[in-house]
Amino acid sequence: MNEALYTVNNLWILIATVLVFIMHLGFATLEAGFVQKKNTVNILFKNCMIIAIGLITYCLIGFNLMYPGGDGGGFIGFAGFGLSLPEGAAGGIEYADGAYHYYSDFIFQAMFAATCATIVSGAVAERIKLMPFLVFTILFVMISYPITGMWKWGAGWLDAMGFYDFAGSTIVHSVGGWGALAGIILLGARKGKYTKKGIKPIPGHSIPLATLGVFLLWFGWFGFNGGSVLSADPSSVGLVFVTTSLAAAAGAIGAFFVSYWMFKSHDLSMVLNGILGGLVGITAGADVVSVTSALVIGLIAGSIIPLSVVFFDRYLKLDDPVGATSVHLVCGIWGTLAVGIFGIGEFSFITQLIGVASIGLFTFIFAFGVFYVLKVTVGIRVTEEEEVKGLDLAEHDMPAYPEFESQSSPYELAIK
Amino acid sequence: MNEALYTVNNLWILIATVLVFIMHLGFATLEAGFVQKKNTVNILFKNCMIIAIGLITYCLIGFNLMYPGGDGGGFIGFAGFGLSLPEGAAGGIEYADGAYHYYSDFIFQAMFAATCATIVSGAVAERIKLMPFLVFTILFVMISYPITGMWKWGAGWLDAMGFYDFAGSTIVHSVGGWGALAGIILLGARKGKYTKKGIKPIPGHSIPLATLGVFLLWFGWFGFNGGSVLSADPSSVGLVFVTTSLAAAAGAIGAFFVSYWMFKSHDLSMVLNGILGGLVGITAGADVVSVTSALVIGLIAGSIIPLSVVFFDRYLKLDDPVGATSVHLVCGIWGTLAVGIFGIGEFSFITQLIGVASIGLFTFIFAFGVFYVLKVTVGIRVTEEEEVKGLDLAEHDMPAYPEFESQSSPYELAIK
Amino acid sequence: MNEALYTVNNLWILIATVLVFIMHLGFATLEAGFVQKKNTVNILFKNCMIIAIGLITYCLIGFNLMYPGGDGGGFIGFAGFGLSLPEGAAGGIEYADGAYHYYSDFIFQAMFAATCATIVSGAVAERIKLMPFLVFTILFVMISYPITGMWKWGAGWLDAMGFYDFAGSTIVHSVGGWGALAGIILLGARKGKYTKKGIKPIPGHSIPLATLGVFLLWFGWFGFNGGSVLSADPSSVGLVFVTTSLAAAAGAIGAFFVSYWMFKSHDLSMVLNGILGGLVGITAGADVVSVTSALVIGLIAGSIIPLSVVFFDRYLKLDDPVGATSVHLVCGIWGTLAVGIFGIGEFSFITQLIGVASIGLFTFIFAFGVFYVLKVTVGIRVTEEEEVKGLDLAEHDMPAYPEFESQSSPYELAIK
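Residue numbers (this note's numbering), protein chains in the order written: chain W, 8 to 423; chain Z, 8 to 423; chain B, 8 to 423.
Hints are computed from structural coordinates only; laboratory data are not their basis.
Computed from a predicted structure; not experimentally measured.
All residues carry an ideal CB built from backbone N, CA and C; glycine is no exception.
Hints may contain errors.
[What the hints assert, rightly or not] So the derived list for chain W, only partly shown, Cβ under 10 Å to chain Z, looks like this:
1. Ala86
2. Val244
3. Val278
4. Leu400
5. Ala401
6. Met405
7. Tyr408
8. Pro409
[What the hints assert, rightly or not] The calculated BS3-like cross-link candidates involving lysine-lysine, where the alpha carbons are at most 27 Å apart (straight line), are:
9. W:Lys271 with W:Lys396
10. Z:Lys207 with B:Lys271
11. W:Lys271 with Z:Lys207
[Claimed, not checked] To give an idea of the interface, some chain B residues facing chain W are shown, with a C-beta separation under 7 Å as derived from the structure:
12. Met269
13. Ser355
14. Thr358
15. Leu360
Modelling step: build the complete structure from the supplied sequences, incorporating the hints.
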C-alpha cells in the first residue's frame, strides 16, 4: 500500500463526508423555506434531531446491518453492535475501489444514512406530530435503510444480480421518497388544501431560504457523488463532477421550459426542484454515463418535475409541501432506470427495474407499517387547532421570527 | 508521473471547483440582500439560470474557444464542439504547472465562466427584463468571456506579451464589470433614483442575506485563487491563501476608515464591499506578491470602494444597486495594475495596462452591442408599472416572502 | 521528505483552514439570529471586523507570540514582527506531527485566533459600544490569546507539565468564554431583562439564521478538529471525524431530553446550543478518546447546556443573549477535564485542572482589565436611548431589514 496514495484517497472520503454533512443544512433550509412561517421552527428542529439520530443509530446498529460482511448475496445480515476497528495496518482497509480507513468508511456512510429520513421530513411537514416522527426516523434509519442498502452496497442479492446504483438514486433517494409517500398517504393533506372549491396552493414562507437550500445541496452533492467513487482516482472523480454538474444544469433548463409551457410563468420553485431532480437523476449512473448522456438524463429529470408535482397534487391529491416525492422518488426511479438505457457497460434495464421495485416494495411496506402502527396507537397528526396555530407554537412554544408581524398568511386569510 | 502526486494535485483542482461553485450562492445571496424585497425572486431566478447556462454553454463551446490549443499567440481559435477526452494516461494531462485530469480542468474552468455573468446580474437588477438578460448571459459567457480569456490563459497574444493575471482580476472580474457598465448605461437608473430633489438611496432588503453572500464569496475565493495555482504545491497554495486572506482583511479595514471619514457612520455595506474589493484586487497577483504587498493592495482596494461607489452614483449617475462596478471593475483594474507595481518578478506596468485596456475594450463593445441590439429589438427594460410592482410578481407571479407584510418600502412611501 | 505525502498533508491543513474560516460565518449568523432585529447589523459588522482584525494582528504579532520557538517550557516569548519564511525546502517545515508549509501553518492558526473574540461578541451583544469592543478585540486577539495559547501549543510550561488540549476546548473556547464573562459582568444586563417583576426572556429575531449558524459551525468543526491533527494521517483524522460528529449528535440528544424535562417543551435553541456544547466538549480530546467516550462526553455537554443557561440567567443574573458562556466556557472546561477522565493514555485530571485554571485566571484578569479601563475612560455601554432605538440605527444608520415592519418587539411592547 502506497502511503501517500492511501492518504489522499482517504482524505477525499473525509472531505466528501464534510460535503455530505452540509446537505443536511441544505435540506433543513430548503424545507424551512417551503413551509409556512408558523411551522419553521418545527422543521428545523426535526432536521437537527434527524442528523443526531441518524449518526448515533448508524453507529450502534445501521452500519453493521448494511455491511455485514460474509459471503455476500444475502437478504439480511448483522455484524454486531457498534464500531470495531479491524486489526492490522492501523484500520486501513483495502476495498475493491481503493484503500481508506475504517473510520472514514463509517463516517461517510453515516452521513448518507440520515438523508433518507430528511427527505421524509419535508413531505410530511406542517401536520405531523413531532414525537411519532422521531420514532419513525429511528426505525427507518436504523433498520429499513440499512437492509435495502445492503442488498446492493453490502454485497447482497441485488449486487449479485448485477443491479447498479452508483451513489443512491434508489438506495438513498427513492427510499426516502417511498417513506415520504407512505407518510403523506396516512397523514392526509394539510387542512384547507383540497376543498370543494378546488386546490389551493400554500406557498412557502421564504424563497431565499429555499434557494439557499438548493445551492447547498448541489454543493454537497459533489461529495455525495464524488465521494462514492471511494477513492480520489482523478479520472473517475473528474467524470463524476462533470456529469453531476451538467445534469443539475440541464435539470434547471428542463424545468424552466416545461414549467413555462405549463404555467406561462417563470416559476423559481420548479427550477429549484428541477436542479434537484437533475442531481437525483444522475446519482445512479454518474460514473458510467457519457457527458452527453448526463445532459439528457438531467434534462429529462428536470422536465419531469413540474409534470410530477402537478400529477401528485391535482390527480392523486397527495399533499407534499416541498415536492419531495417528485424530486426523490420519481427522479430517483428515473435515474436508476436511466443506467439501463445510457450506462456504458453491461447494464440491464430489467435488473434495474427489479432493484427499483424490490427496494421500493420493502421500503414502502416498512414505512407504511410503522406509520400505521403509530397512527392507530399514539396518533401521527396534530390536532386541527394545533395545525391552524402552527407547530412552532404548538410543539415548541417558539415562533421562528418573534419580531416580524405574526399575521395569518394570505392563504389563511383567503380561506376564512 | 508519480501517481500519488498526480492524484493529490488533481484532487485540489476538484475541491477548488466545489469552492468556486459555492461562490454562485454567494453572489445570489449578496445580490438578493442588496435589492428590494419585491425583486428578490427575480435575482435568485437569474442566478440559478446563470450557473446552468454557464456550465452548459462552456461545455458545448466556451471551453474550446478559451483553450483552442495550437501554437499560441493568437486572437481567436476554436478546438471544436463539446468535450473530448485526450488519449493516453486516462486523460491525465501534463500541464506546465503540474498534472491533472482533463475533466478536472474543464469543470474548474466552467465554474469560473458563469461568474462574469453573475457580476452583471447584480448591477442591472431591479429593472432588466428576464428573457433578454438570459440571452445576453448566453452570448457573454459562451463567446465574449472565452475569447478574451484565451488571450491570456489560452496562450494568446497577451500571454505572449508577458501580461499577467493570476486568477482573473481582469479576465473574470473586470470582464464582468465592463458587462455591468454597458448594461447600466443602456438600461438607465431605477425609477425614482435620480430626481430633481436629489439622489435617493434605495436600500437592499436584507443585510443578513448580503453578509452571508460576502462570507460565502470569501470562502469560495480560497478555491478561486488557490485552485488557480493549478496544483497543490504547498509553497504556492500556502502563499496564495495568505495573500488572499490578508488582502480581504485589509480591504475591510480600508473601507471601514474611508467610509467613516466620508459618512461619519459605520456602513456595513461598505465594509462588505471592501472585503470583496480586497479579494478582487489581490486576484491578479496573489502568487507573485509579498505578504506586505498583499496588505497594501487590499487596503487600497478597500479604500477605493466608498470613493468609487459615490463617484458612480453621484457624479456619473450610473445606478448599480449592488456596487458591482466598483468592486469588480474598479478593483479588478487596480489589482491587475498592482502586479506591475508590487509583483516580484518581471512584470511591466505598461503591459498590464495594455491587458486591462484591450480586454476592457473588447468586452465593453461586445456587451454594449448585445444589450443595444436587444434594446432596440425586444427591449431590455420592464415597464414602469412592472418596476413599481416588482419583478417578482411581474415576471414570476411569486413573492419572496408571501407571509411577511407586503407593504411598499419606506423609500417608495417617501417618494409618493 | 516524500513529496506526495508532504503535499497531501499540507493540502489538508489548507482545506481545514477554509473550513475554520466559514465558522466565522457560522458565529455571525448564530449571533445575528439570537439577537433582536434592531441589533442585527451591529453584530454582523462586528463579526466582519473581528475576522479582519484577527488575521492582521495575528500576522503582525500574534503568531510569533504564540510560537516563539526556543527551548520551550516558558511563560512568554516573541519571535519578532511579521511573517518570515524559514529557509530551506521552500518553507516546508518538519513538525513533530508531519510536514507542512510555514504559510499553511500560519493561515490555519490565524483562522483560530479570531474565534475567541467572536465568542465574546455574542455574549456582549445588544448593548456594547462598537469602538471599545473593537479595541478590546485587538488587544484580546493580539496579546491575550497568543500568550495562553503558547503555554500549551507553543511548547510552553503547560505543555511541559503534560497538559492536553487537542484543538482548544480551553485554549480557544474557554478563553473566549472567560472574555465573555468579564464583558457581561462589567456591562450589566440588557435594559428590562432583570426587573422586579422577574426575568424576561428576550427572544432572538430569526431562528432560521441561528440554525444556519449552528450547522455551519459543525461543518467548520471538521476542519477545526480534523485539521488539528496537523497531518492527513488517515487513522487520526478518521477518528477525529467520528468522535467530533458523535459528540455533536449526542449533545443534541442530551439537550433534547434535559430541556424537555426542565421546560416541558421542545426548545430548539437548547438543542442548537446542545450541538455546540457537544462540539466544544469533544475538542480537547477528540483524538485520544474512544467512540463510546465521545458519545458520553457529548451527551453530558449537551445536558449541561440548559442547566447552565438557567444558572447564569436565573441565579447569577448574568445576561448572555446567545448562551456563549454556557457553550464555550462551561463546556470548554468540561471537555478539558474529560480528557483526564476518558483520555486513552497518560493524562492527569489534576494537570488538566491546572491548565483550565491558569489559562482561565490569566484570560479573565486580562479581559476584565481591558474592559475596565475602557469602561472608566471612554465607556463601554451605549446610552439607554441608543439601546432602545437599537444599535443598528444608533451606530450604523442602517436597519437590517429596511422593508420589513420596524415595529417594536413583542417583548418591548410588553414591558412598556
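Results of checking the hints against the structure:
Look at alanine 86 of chain W: its Cβ only gets to about 31 Å from chain Z, farther than 10 Å, so that hint breaks. For valine 244 of chain W, the interface hint holds, since its Cβ comes within 10 Å of a Cβ in chain Z; the closest pair sits about 6 Å apart. The interface hint given for valine 278 of chain W holds, since its Cβ lies 5 Å from the closest Cβ of chain Z, which is under the 10 Å cut-off. Proximity of leucine 400 of chain W to chain Z is violated relative to the hint, the smallest CB-CB distance being about 15 Å (cut-off 10 Å).
Interface restraint check for alanine 401 of chain W: the shortest CB-CB distance to chain Z comes to about 17 Å, outside 10 Å, so the restraint is violated. Contact between methionine 405 of chain W and chain Z, as hinted, is not supported at the beta carbon level, the nearest pair being about 17 Å apart and thus beyond 10 Å. Evaluation of the tyrosine 408 of chain W hint against chain Z yields a held restraint, the C-beta minimum of about 8 Å falling below 10 Å. The interface hint given for proline 409 of chain W is broken, as the beta carbon of that residue sits about 13 Å from the closest beta carbon of chain Z, more than 10 Å.
Restraint check: the Cα-Cα separation between lysine 271 of chain W and lysine 396 of chain W comes to about 34 Å, which exceeds 27 Å; the hinted pair is violated. A C-alpha spacing of about 51 Å is found between lysine 207 of chain Z and lysine 271 of chain B, which places the hinted pair above 27 Å, so the restraint is violated. With a C-alpha separation of about 35 Å, the suggested pairing of lysine 271 of chain W with lysine 207 of chain Z is violated against the 27 Å cut-off. The interface hint given for methionine 269 of chain B is broken, as the beta carbon of that residue sits about 13 Å from the closest beta carbon of chain W, more than 7 Å.
Hint status for serine 355 of chain B relative to chain W: violated, with the closest Cβ pair at about 26 Å, above 7 Å. Checking threonine 358 of chain B against chain W: minimum C-beta separation of about 28 Å lies over 7 Å; hint violated. Interface hint status for leucine 360 of chain B: violated, as the beta-carbon distance to the closest one in chain W is roughly 30 Å, over 7 Å.
The structure fails hints 1, 4, 5, 6, 8, 9, 10, 11, 12, 13, 14, 15 (numbered hints given earlier, in ascending order).
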